[in-house]
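2 protein chains.
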Amino acid sequence: MELHGKNIIAGETSGAGTRTFSAVNPATGAELAPAFHEATDAEVNRAVEFAAAAWGDYRHRAPEQIAAFLETCGAEIMALGDELIQRAHAETALPETRLLAERVRTVNQFNLFAQLVREGSWVDARIEHGMPGRKPGPKPDLRRMLQPLGPIAVFGASNFPFAYSVAGGDTASALAAGNPVLAKAHPAHPGACELAMRALHAAVRKCGLPAGLISMLHGNSNAVGLALVRHPLVKAVGFTGSVQGGLALCDAAAKRAEPIPVYAEMGSTNPIFVLPGALAARSTEIAQGLAQSVTLGVGQFCTNPGLVFGVAGPQFQQFCAQVGDLVKRVAPGTMLTAAMCARYRQGCEEFRGIPGVQLAAAASGAEPGQAAAALFSTDADTFLQTPALHEELFGPSTLLIACPTPAALCATAGRLRGQLTATVHGTPEDLRENAGLLDVLLQKAGRLICNGFPTGVEVCAAMQHGGPYPATSHAHFTSVGTAAVLRFARPVCYQDFPQELLPPALRDRNERGIWRLVDGQLTK
Amino acid sequence: MELHGKNIIAGETSGAGTRTFSAVNPATGAELAPAFHEATDAEVNRAVEFAAAAWGDYRHRAPEQIAAFLETCGAEIMALGDELIQRAHAETALPETRLLAERVRTVNQFNLFAQLVREGSWVDARIEHGMPGRKPGPKPDLRRMLQPLGPIAVFGASNFPFAYSVAGGDTASALAAGNPVLAKAHPAHPGACELAMRALHAAVRKCGLPAGLISMLHGNSNAVGLALVRHPLVKAVGFTGSVQGGLALCDAAAKRAEPIPVYAEMGSTNPIFVLPGALAARSTEIAQGLAQSVTLGVGQFCTNPGLVFGVAGPQFQQFCAQVGDLVKRVAPGTMLTAAMCARYRQGCEEFRGIPGVQLAAAASGAEPGQAAAALFSTDADTFLQTPALHEELFGPSTLLIACPTPAALCATAGRLRGQLTATVHGTPEDLRENAGLLDVLLQKAGRLICNGFPTGVEVCAAMQHGGPYPATSHAHFTSVGTAAVLRFARPVCYQDFPQELLPPALRDRNERGIWRLVDGQLTK
Chain A
1 MELHGKNIIA GETSGAGTRT FSAVNPATGA ELAPAFHEAT DAEVNRAVEF
51 AAAAWGDYRH RAPEQIAAFL ETCGAEIMAL GDELIQRAHA ETALPETRLL
101 AERVRTVNQF NLFAQLVREG SWVDARIEHG MPGRKPGPKP DLRRMLQPLG
151 PIAVFGASNF PFAYSVAGGD TASALAAGNP VLAKAHPAHP GACELAMRAL
201 HAAVRKCGLP AGLISMLHGN SNAVGLALVR HPLVKAVGFT GSVQGGLALC
251 DAAAKRAEPI PVYAEMGSTN PIFVLPGALA ARSTEIAQGL AQSVTLGVGQ
301 FCTNPGLVFG VAGPQFQQFC AQVGDLVKRV APGTMLTAAM CARYRQGCEE
351 FRGIPGVQLA AAASGAEPGQ AAAALFSTDA DTFLQTPALH EELFGPSTLL
401 IACPTPAALC ATAGRLRGQL TATVHGTPED LRENAGLLDV LLQKAGRLIC
451 NGFPTGVEVC AAMQHGGPYP ATSHAHFTSV GTAAVLRFAR PVCYQDFPQE
501 LLPPALRDRN ERGIWRLVDG QLTK
Chain B
1001 MELHGKNIIA GETSGAGTRT FSAVNPATGA ELAPAFHEAT DAEVNRAVEF
1051 AAAAWGDYRH RAPEQIAAFL ETCGAEIMAL GDELIQRAHA ETALPETRLL
1101 AERVRTVNQF NLFAQLVREG SWVDARIEHG MPGRKPGPKP DLRRMLQPLG
1151 PIAVFGASNF PFAYSVAGGD TASALAAGNP VLAKAHPAHP GACELAMRAL
1201 HAAVRKCGLP AGLISMLHGN SNAVGLALVR HPLVKAVGFT GSVQGGLALC
1251 DAAAKRAEPI PVYAEMGSTN PIFVLPGALA ARSTEIAQGL AQSVTLGVGQ
1301 FCTNPGLVFG VAGPQFQQFC AQVGDLVKRV APGTMLTAAM CARYRQGCEE
1351 FRGIPGVQLA AAASGAEPGQ AAAALFSTDA DTFLQTPALH EELFGPSTLL
1401 IACPTPAALC ATAGRLRGQL TATVHGTPED LRENAGLLDV LLQKAGRLIC
1451 NGFPTGVEVC AAMQHGGPYP ATSHAHFTSV GTAAVLRFAR PVCYQDFPQE
1501 LLPPALRDRN ERGIWRLVDG QLTK
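Protein chains in written order, with the numbering used here: chain A, 1 to 524; chain B, 1001 to 1524.
Just so you know, not all the hints are guaranteed correct.
[To be verified] List of simulated lysine to any residue pairs, SDA-like, C-alpha gap at most 20 Å:
| id | chain 1 | residue 1 | chain 2 | residue 2 |
| --- | --- | --- | --- | --- |
| 1 | B | Lys1328 | B | Val1311 |
| 2 | B | Lys1139 | A | Gly456 |
| 3 | B | Lys1444 | A | Gln318 |
| 4 | B | Lys1524 | B | Asn1510 |
| 5 | A | Lys255 | B | Lys1206 |
| 6 | B | Lys1206 | B | Ala1079 |
| 7 | A | Lys328 | A | Ala339 |
| 8 | B | Lys1255 | A | Ala252 |
| 9 | A | Lys206 | A | Ser283 |
| 10 | B | Lys1255 | B | His1474 |
| 11 | B | Lys1135 | A | Ala252 |
| 12 | A | Lys328 | A | Val311 |
| 13 | B | Lys1255 | A | Pro503 |
| 14 | A | Lys524 | B | Gly1520 |
| 15 | A | Lys139 | B | Arg1098 |
Calculated directly from the structure, the hints in this document are not laboratory data.
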């Protein structure tokens, strides 16, 4: 399938603008054909208007049709075959094995949301029958369920070219909730985006859905994204990326005549606390797990552990040395983009320049565009006094922080920013003695991990991938797992509606067999 | 019980500031004793720090203790007896019968949230057991539930001195979710606030809870509220009031180093659509219901119907005349404050000055401080071209809008702003023929009402009191009904935690007997 490099608006290609850009192979620095056409304002507007029109049809489709469509999306992604893998590999330098696994995850996500839609209870149906004779006043008949919002703008992540990009979790959950999607293609992997969008459109056609249901717009600057977020017909935004990028969208959304929610997953340093008993019992094992988690995929995960806290002393010192030995031996890897690699290298230089911060170990032999794993160490005071050390350094590095006492460990935890994850390694005794630390971390993070590592985010009903600011813009929501659908639907209450005008999920006869809260009792 | 006029911080009175203000009896214009002390920044800070400290205790309390506490809050409000009613009557001019009913509602709210907490399933517990042997990688054990946020700032409404003020729905739902509360007393009824807070503190003492759990701060300017919203230890805000006030808090919250959610219920014009068949069948009945809904409580409800749409013609003209005849006969009433009454009167004057808008009917005989019911009429074009007509005019007035055709009715609906409610009056035929109108209104409002009126908001699980901007700042949430608790809790996932460190709701043994989603199956 030859790439055309155009925007895809309601199933048609469109390249009205004169600005183009190319993808770059980060492993070679070579530009990849073809040129991609940055969307014009008129193209953005056309895509959104098509989406709004398509919504009038899509939101009335039966859950079974939406479920079948989601499954077809997954099947069509698979049907792209090796071409998708090869193009994504060329654009991202991610290894093929990783891309094959990510493709499975992407397809599984579509299937998981299909299952959620087919089962149907996610709409949180609540029915309270009226009591016309109640004193002093009658009680009306009230029925409430979640309803879709309208066109959703999706901004994918560079580090998941399938699973959190054009055909990723945000798109799948927005479609599952009954919304059209405007996908902003990621400029670092526009070819993979084009292929994915073509697969989604094949699914749209096969399922007889309106072509405007999904559109994709290219852009290498902020203009296209801002035009999307500012469009009056766009009703919510899903974003995965940097704090800076997320805040720019939040700001634009808040300044609209009608502000809309932006669900931004932005950044996290994912602290790990290694307690003394655990260190005494299995220092080597923890060091191995940590080194692996830090350097996995060249450190390009939002759950990469960037901060590791322990109690100062010979044991923690030895642990640092163990981690250092392991990190040194990790082969440097090509990062997703040259700019990202340059930021990582510059960040490492900045860390080295901070008084009180030591470069404890570093891998060597990095070619241009490659990132070498690095281990930094410092003490709690320096950490607390240096805001730069609280910021995410995206890449294969971590900072070990020696706290003078277990109490200082807890106090330092209390000064952390909001996080996607927080991890504790401890023996049962450690954990009992440091209950206060767990209690502090509960206030800081969306996911707490015991004796494990934060990388590896399971896609399931019980996942929470979202935490207090700056990890995300709204800690009540998750961008991974089935609960992600809740970002793109809002409750609507129907008062005294005749049965035939109620949505099927709210009619007396529970024809879909979903769980509903009826007069206070959960029933189906 | 003599009023002291001081702030109540962790159960102690505090009047450190020099700025004072008095409540005013809106019926007489007379100042009411005592003087109330506006909180200083230091007092705000002290209250928040007490709340954060109390949270460390409160969030570990068993659900049964929280439920009993909520019920005790209700009982202590009742125990204030007639004094609360008298003071609120003096401060608000709301009739005693209304205040007695609102007190019942307030107590019922506490009891309803107690029941929710005792039943316990609201925490949305989800358990996915680990699969250590899964290929290619093991699945961790993941468990997710809602957890409280921390200190919540609550800004009550002037028009519900009990049910949406210091001891109202926001406070009850924040406490139910496990959070401490900082209540900003409403300057229009500070005495009723003091009494209510003293009742809540009696409940805190009786239940052996930390005194810092709830505090109340007075302020007649914006300074106290802004200090609360800007305090780093405050984690969310509940607000009921004007669009201007809500947006000021949203803006302050967004500009914090750590932005926090503001759940603001702000304003709504609650459109009613009267379809031709319904008008032919029961014009008199609809006119009576409308006149009553518009003038109920001197029109001081957020669900007051401010816009009524119909198809132009003799029938709608006759309906206007019927409503006008009824509105004219409604006795003028004293509004909650002189400023509010002045705004209403000025708003009416402005409406009259808009070319194309007619004053169709008005009650007469209003004394100073009283509002006279008013009925305005216009056509769809004038409405669409005049932004001022889309804004809420708080008080006993409504605007009848004649649309040339049923299609124009639907098109005009599409131009409405976000609403708390939207209502349709129609025969079964009307509703079938105007399915498009219902579909448009679904996109505009949080609650849809069929052949009824929007005033009267039932407090129950199926209520949705929240809609797209500007009705609220986040349409995913409600401020009335049990789902209001969801504003003040966020999901936390526990990965591979030992049983004894998990919250009881997430342990294998479902000791609380709550509904949980276990490996995809809802079970208890």
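Verification of the supplied hints:
no. : hint                  : in the structure
1   : B:Lys1328 - B:Val1311 : 23 Å, violated
2   : B:Lys1139 - A:Gly456  : 10 Å, holds
3   : B:Lys1444 - A:Gln318  : 62 Å, violated
4   : B:Lys1524 - B:Asn1510 : 7 Å, holds
5   : A:Lys255 - B:Lys1206  : 47 Å, violated
6   : B:Lys1206 - B:Ala1079 : 13 Å, holds
7   : A:Lys328 - A:Ala339   : 23 Å, violated
8   : B:Lys1255 - A:Ala252  : 14 Å, holds
9   : A:Lys206 - A:Ser283   : 55 Å, violated
10  : B:Lys1255 - B:His1474 : 17 Å, holds
11  : B:Lys1135 - A:Ala252  : 44 Å, violated
12  : A:Lys328 - A:Val311   : 23 Å, violated
13  : B:Lys1255 - A:Pro503  : 40 Å, violated
14  : A:Lys524 - B:Gly1520  : 15 Å, holds
15  : A:Lys139 - B:Arg1098  : 18 Å, holds
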